[in-house]
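Engineer: Chains P and A supply the protein sequences, listed in that same order. Take 1 as the starting number for the first sequence in UniProt numbering and just add one per residue. Take 1 as the starting number for the second sequence in UniProt numbering and just add one per residue.
Simulated from the structure, these hints should not be mistaken for lab results. Don't take each hint at face value.
Each pair may be met inside one copy or between any two copies, as identical chains are not told apart.
Here are the simulated BS3-like pairs of lysine-lysine, each with C-alpha atoms no more than 25 Å apart in a straight line [what the hints assert, rightly or not]:
#: 1; residue 1: K341; residue 2: K120
#: 2; residue 1: K341; residue 2: K45
#: 3; residue 1: K350; residue 2: K45
#: 4; residue 1: K341; residue 2: K31
#: 5; residue 1: K120; residue 2: K31
#: 6; residue 1: K99; residue 2: K45
#: 7; residue 1: K29; residue 2: K341
#: 8; residue 1: K45; residue 2: K25
#: 9; residue 1: K25; residue 2: K188
#: 10; residue 1: K45; residue 2: K31
#: 11; residue 1: K8; residue 2: K29
#: 12; residue 1: K373; residue 2: K45
#: 13; residue 1: K8; residue 2: K31
#: 14; residue 1: K247; residue 2: K99
#: 15; residue 1: K350; residue 2: K247
Protein chains: 2
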Amino acid sequence: MSKQDDRKIILGIAGLGTVGAGVVKIIEKHKALIAARAGCPVEIKAVSARDRSRDRGVDLSAYDWVDNAVDLAEEGSGVNLVVELIGGSDGPALALARKALGRGIGFVTANKALIATHGKELAVLAEETGAPLKFEAAVAGGIPIIKALREGLAGNAIESVRGILNGTCNYILTRMEHEGLAFDDVLKDAQQLGYAEADPTFDIDGIDTAHKTAILATLAFGTEPDIENLPTEGIRNIAPVDIEYAKELGYRIKLLGVTQQTAEGIETRVHPAMVPTRAAIANVMGPTNAVVVNGDAVGQTVYEGAGAGEGPTASAVMGDILDVARGAEGPRLGVPATSLKPSNPVPVVKHRGTYYIRLRVNDQPGVMADITKVLAEENVSIESMLQRGSASDGGVYIVLTTHETVEASVAATLDRFTTLQCVLETPTMLRIEA
Amino acid sequence: MSKQDDRKIILGIAGLGTVGAGVVKIIEKHKALIAARAGCPVEIKAVSARDRSRDRGVDLSAYDWVDNAVDLAEEGSGVNLVVELIGGSDGPALALARKALGRGIGFVTANKALIATHGKELAVLAEETGAPLKFEAAVAGGIPIIKALREGLAGNAIESVRGILNGTCNYILTRMEHEGLAFDDVLKDAQQLGYAEADPTFDIDGIDTAHKTAILATLAFGTEPDIENLPTEGIRNIAPVDIEYAKELGYRIKLLGVTQQTAEGIETRVHPAMVPTRAAIANVMGPTNAVVVNGDAVGQTVYEGAGAGEGPTASAVMGDILDVARGAEGPRLGVPATSLKPSNPVPVVKHRGTYYIRLRVNDQPGVMADITKVLAEENVSIESMLQRGSASDGGVYIVLTTHETVEASVAATLDRFTTLQCVLETPTMLRIEA
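Please build the complete structure, drawing on both the sequences and the hints.
Structural biologist: Next comes the structure, spelled out in structure tokens:
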């Protein structure tokens, strides 16, 4: 490796939360191993965080302390690779990214919001100045899925990527299924156990999954990251009864991020879905993440692992740092950033698929006729249908699954169901993902 | 990407079997996509195979034909990246590798025997001359597991790697389980269906898995590939009765390649094992491959996909070609080749684990006492034990699983069982992998 003899990676780490401290620990613990794998020494020069006095379980006294994170990328800092673990799509994270990449300094980040929102701008800048830009930790924690898509599967035209990308949601859905509990009860418990944030909106409303899915769509299809036009539903409205029916029908409910090539174009969406219990992704339980990629040459590959936490996320950050050390570059978002196409997403009403619909209706003569008439008129063909429950509380459930149809027809059907006198509450609809 | 404007990858492809033809097809089909992902054009200049007249389903007329594969790497060939798909640990594949790497020309191969046997020599040479050396397709087909270990998880001290690495064996074991058939019957059928070779030794005796496991051990632990000292057992002796008992005990039998850090050192071995049915790896069916990696930071990650075939293997080869195009280098075998340690494997008799033992015995008084006495004297502690079957054929089965013990004790136990008058045939032993 004679050509690398004079190389050295000199890190500036911005953000010293769990992941930042984890990165520091790994670099201190595995110094020799990391140098061997990098082909050159990897050292921390400077760190930055909001609160200097906080005990992070690591000794930071050997490193320069910088109050303003952006200063890590200033000329005098001596840093040649910035690791950004601050978070947030704007503010200091964005300022630091622009400063580092503008100066041709490498930038490694775990920040999905930043890449999903400003990824194109940053990649264009990085490719202009020749600065490395890496973000493995932004999606699916410790699973090297960014690398797999950008590099390992680069010889494929990607057909689809489907992922369980948020451990909090999968943990909640798993407990709802196993313990028969309601969403609110599991959420409360998950918050007490530290599996969910005090403000859980970002996770449970699918926003976190949407950021990750937007990044996967860019890598898979060479389109600009487009978080603005990404239809996003979370898991707040998943009821125990739907989990029960899913089980009875041979499915399990998972929050999925999906991006796929269709006849209409590229469809990218985040929503809870019914997946067949025999599918690999259906058997991913608790906080584990999983990604299923279909490519035209490779067929289906599946990746599973911890989606969050100190070790897994720090592992992904280290992978990026070592990539930069080895001199791996190439197009930052899979293809040259200036050639990224507008995302031009297929509206979700054009989605073709099969559906699960649950209605609560009055148990009275003629109900089934009313319902099947609407379905027939909207050209929605029934695959299976069952009626269940006593009418003691004045209503019974009708549950049906459809043959393949277009979502616009399902939406029209649901609208009409809502106006039927016999239908007692807003119908529930879940997409089925094969 | 201004610095890459003058770069171009000019390929010479040696070996035009299924995979070689697959690589040619992908390059022709995805020319623009590949150039975008590579950051530079990728072209085929020359090809080589034994039989020029054979129809391979691709038009090769635009490429130079070279009769002697080694000529692809000669000065006048114009080739700057050789793709070797000939196979075999020596012969033309090795000659071509030495020639290409010696001249500083990149070398991409799907050849597990070559890397498992001569990997160190070739990596040392590549690092001296600066030539890229890549072998993603050598292990687990389309699954980018080499990249994951060498790069994505490079920040981890690897604890263990376990894999289902041979699709033929997993296909046979799956059918034995699902259809209750004997090994020989399934093998015959698999040969007719093209899932097994006419001479299946390489697959079913574990040699193919051993080559792949040797490579994984090198990447995981920085040791020299050492196929010579790798204990290897195949699946020839797996009986339907063991598959039945496995099921009853909550296990499934899989042929595993395992390499793991233990208190004694690094243990690397290939053998059929009982894996708990809830483990991810137990649910990998048919010709699918899977690899489970445990790292000290990332925890457990799992990778699944097609382990062989035109598309998946060509996908892996393309990933390597694009890696070379993007200029990714770094230590060829994960750490600088001159720093690889001798493999110094822990002998399998020192393996600590739990075991499954099946005996056929005379159904007579005192048998259980004889058997439990031996176990007690060899310090093998019983976890579960069951006796099954009628004595109509003069024997019954005794099946037991052990608590954790050292393999030497199990071996001594089995030796002593064999000498017992009541034991009717050589005992069967399978390691249990948690």
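Engineer: Can you give the numbers of the hints that this structure goes against, from lowest to highest?
Structural biologist: 2, 3, 9, 12, 14 and 15
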